[in-house]
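Below are the chains, spelled out letter by letter.
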Amino acid sequence: MNRKSPGSVTAKVCMGLGGVSAGGQEVLQAFMDQFARKGLTGEVNKRCHGQKVGCMGFCAKDVLVDIIIDDQKTAYQFVKPDMVERIVDQHILGGIPVAEWLAGPEYDQFHEKQEKVVLKHCGQIDPEDIDAYLGVDGYRSAGKALTSMTSEQVIQEIKSSGLRGRGGAGFSTGIKWDLCRKAPGEQKYVICNADEGDPGAFMDRAVIEGDPHAVIEGMIIGGYAMGASEGIVYIRAEYPLAIERLKLALGQARERRFLGKGLFGTAFDFDIRVKLGAGAFVCGEETALIASLEDQIGEPRPRPPFPAVSGLWGKPTNINNVETWATVPKIIQRGASWFSSIGTEKSRGTKIFSLVGKIRNTGLVEVPLGIPLREIIYDIGGGIPNGKRFKAVQTGGPSGGCISAEHIDVPVDYENLMALGSIVGSGGMVVLDEDNCMVDVAKFFVSFCKDESCGKCTPCREGTREMARLLDEISQGKGTLAHLSLLEELCLVVKDASLCGLGKSAPNPVLSTLKYFREEYEAHVLDKYCPAQVCKPLSAAPCQRGCPAGIDIPSYVALIGEGRYTEALDLIREDNPLPSVCGYVCPAPCETACRRRDVDKPLSIRALKRFVADFAREQGEHVPEANLFRPQKVAIVGSGPAGLSAAYYLALDGYPVTVFEALPVLGGMLRVGIPDYRLPPEVLDFDIEAIAKLGVQFKTRTAIGGALNLDTLKAQGFQAFLLGTGAHQEVPLGISGEERPGVYSGIEFLRRVSMGEKVKLGARIAVVGGGNVAMDAARTALRLGSQVTILYRRTAAEMSAYHEEIVQALDEGVEIRYLTQPVEIVGNEQGVTGVVCLAMELGEPDASGRKRPVPIPGSETVLPVDGVIKAIGQVPQPLSLGLDGQALQFSKRGLVETHPVHLSTNLPGVFAAGDNVSGPATAVEAIGIGRRAAQSIHSYLQGEPFATRVKMPTARRRIDPLKVSDEEMGKLVRPKMPEEEVAKRIQNFFLVELGLSAEASRNEAKRCLRCDLAD
Amino acid sequence: MTELQMKAIDRILEGFPEVKGNLIALLHAIQALEGYLPEESLRYFSAKTGVPLSQIYAVATFYHFFSLTPKGRHQVCVCLGTACHVKGSTRLLGEIEKRLGIQEGETTADMRYTLSTVRCVGNCSCAPVLLTDKETHGNVASKQVADILNRYE
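Protein sequence lines correspond, in order, to chains A and B. Residue 365 is where the first sequence starts when you use the numbering used here, and the numbers rise one by one after that. Residue 8 is where the second sequence starts when you use the numbering used here, and the numbers rise one by one after that.
Source of the hints: derived by calculation from the structure; they are not laboratory data. Predicted, not measured: the structure shown is a model, and the values here were computed from it.
No farther apart than 20 Å at their CA atoms in a straight line, the calculated lysine to any residue pairs in the SDA-like style are these:
#, chain 1, residue 1, chain 2, residue 2
1, A, K814, B, F69
2, A, K639, B, N29
3, B, K105, A, D1330
4, A, K814, B, T68
5, A, K814, B, S123
6, A, K820, B, Y64
7, B, K105, B, A148
Which chain B residues stay away from chain A? Per the calculated CB distances, all over 12 Å, these:
#, residue
8, I16
9, E21
10, D154
Distance windows between CB atoms, simulated:
#, chain 1, residue 1, chain 2, residue 2, range
11, B, T68, A, P666, 23 to 33 Å
12, B, A15, A, D1324, 43 to 53 Å
13, A, P666, B, K27, 16 to 26 Å
14, A, G615, B, A15, 23 to 33 Å
15, B, T68, A, L856, 26 to 36 Å
16, B, K150, A, D1324, 13 to 23 Å
17, B, E46, A, D1330, 37 to 47 Å
18, A, E479, B, T68, 39 to 49 Å
19, A, Q660, B, E160, 34 to 44 Å
20, B, P24, A, P666, 26 to 36 Å
21, B, Y43, A, P666, 32 to 42 Å
22, B, E142, A, D1330, 19 to 29 Å
No residue lacks a Cβ here, since even glycine has one placed at the ideal position from N, Cα and C.
Take these sequences, add in the hints, and give me the full structure.
Pasting the structure below:
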């Protein structure tokens, strides 16, 4: 075998908690086994050996393994035991690294801007081997301090380094030590606070697990400087691995006489004991910690006296946290001026942050203080995963606050974070993205502090409880603006009046989120809506959010699955009074939003709605009744979906409503724009009859604007008006020959056919356009016996008509010519003989995001036809309306000018909704906006203020999920909508889509993933 | 209280030079015997050491780690630290509650599992985190819950 014999090889396996929980122990064992099996350990000097090391920092990629061959390091990520053999064979023995398992570019990116001082040896040395620590100059600083420096010199060194406590408050370590040193007393204590309680921070755990001797050495130096012979590490019981490694390290240090009597040949005696906490966050506060060490419950006491004067058992006591202690040996070793050269003027040195939450490269990072937050988040952290938006970073745990995205460039140090209402704290950095709700985050921390409040002082005990209650009510949708002001007031009281740091800082997460995310709080209390969709009562499933009418889809689908069809229909009507119409012709944006799409295919929501509507129509159904009467009469102009929707909700609310319709038939575009084979008249009638049963009066053949106008209606006692006149005018093609006989407007053509007129088309018809009107006109012309060609200037991908319609049109024999632009309609005195067309190609995207079609020069051809239907878009027909001498205002595009939220026009009491406001849109959009108009009319008539924003939908019911076995779930597929045979349907205007059976509908309901119930 | 139980507590006391300053450590040791702090054990401990029962009770109820009620054979514990919270630990807890049919702080009727929560175990990089006895599981998805729980009889 031609294998290169390796030199000294070490496989360093990350075995911090992150590494262990990802299987580090097993990976290490696999290396040991491989080395043994391949005889690699038996050679001189144990040439290949596996080594456990502490946290390497980049926990996102655990298990991390460094293979070090003759000082050449190669990093592997996500290592599993079964990958080890190949690494040994191919890399260690064969000399070729396993490329696909190497740490990626983000590994270098993660480390590039870090400056490792405290973490220098963490993840590099075996934390359970004192010789490994000695091998990196361990205990030399203690030796230097004890043998060559006086205690004053040590303290002076720490003072001039500028080191500030790394546990939270950031007090000068040197000054604190000096106080303790000068305090009178024979017996003194130094304590290491390893009660790392801030959720989201774990650097202290990592330091103890990865480099425990550094903490011990720091404490020896501190004990010497302050004249304390006893050290105590108060450590969280939640950190078993850290406790184990610390105890092991203490034993080894005693064995080597770094602890005990007469250290380093001096007269200084020092030893350290380990004391376990028992799960109380407040014990991170120094006086509470002392109480805990004295066998008491962890209640803080007022300061002064400070522990430096009267601490444990009344003796002078100095408490620093793990990171601070671990920094001390580095300062003694390399000097105060080196340390103070790092960082900013008031924040010297480096700080470890635990970068967690919604961030790509989670892990522990050590950076010079003063580094811009952006570099931590984007350069080191690699940004936000899953294409989400960065929202905020929470620093300092329950005592800290949230820094919003606009402050991403803040230099991270003690002063700057304080100025933003947060703190450096112990160094937790929890990154939040758009899916995190700031009210929820505030609630999390306040509820934490409420639970952890020791109960000794009233402001903290009662204050945090009240804060939690207020936040809870806000997240439940029971909040008001008064909640916000009360919350703010309460925060200030708790901050001022609490006894210890826990209470004093507990309001920070609330105050900072109120400051930077007030809008989000307001959405909760004013709109009863949680923008991040975290607070469940203020959220909706994606389908419901996708529905312009905001129907509680998951609940009605579940009701259908249970066979409770009438209840399902009632529930739909709460948000949409035209369930039949939408069951037949809705473009179903809900299905586009449906999460089931990611699994297989979206739920057939429209077909389910149609099923319950059909069921009710066949069974004869009940309609909700208005249970009150109000005197104010409302006039609605136009009986399209917007007008019908508004009429229904106003009538339900007790208003006498009259709908005026210019045509002899009701329904507007639903009746005269959508052919019967898609929406049969009796289906539309069913919805309209339900509205009529509520007492709505309909007056057909009654145009408003002439002799009968808004002024005369006002004189008749109408107090509010809704204009829902739609958009019934075809946009001209703007080409020559457009005025020839035989050229029709698509919308007018459909209207005439719908009203029963005999329209005589030629044998060959060209339809111009790619929208729904074009498709409807083409299929209608086909049914009248013509041969139909659709001319569309873009490609199939850009067509705005519904996919099913396009497919059905093609099935029926309509021809579609894409990338074809008519430029002239030619003919003679009798009519049209042909269309001159240009071939197109797609260029750059235009304002609509669709690629702009560009003509190909010289590509003119003539398509011989006998008639042309133009259907490239509709605009509102001109209205001449006014009230009290004032004219109604229109936009340049001919749309009625309305307020974007409450839909009022420039005329008092006159509102507008539907296509005349939005331009041509879908029925379901008109239904949603019509309902909003009804709410505004109600506000107007009751003298109440208008809504200031559009209310977002939230779940209306909480229906239990259907019981479906995993086996059954696996078999369910989206049903295919049964269709009438093509040969039968093109002869007439009978329905094309035949609807789902009850059984198919109930089965389809089972496919719903019930996003509404997901927490 | 059996002779054996008393002896076990005696042995624990022998391991400590003095009671003063070690109450929490002693309670940890007593709890390790049976997984909780039985009332008789605490009474015996109080009588033997002279530490007032009121003080023992105060400490035992103040700190989250101590339990005065029996625990199941296996400890299932969901981390509710900040990182875990923002990564959906509430959903994880809900899933476990649903599977076991108990709420946080309760024990299943067959004494198989006790479900609890903890305020951060410091494994924030791998959130959300679930602990089962001495195992730490990182990046736990709800669908893994059944599999993890089934490993404990």
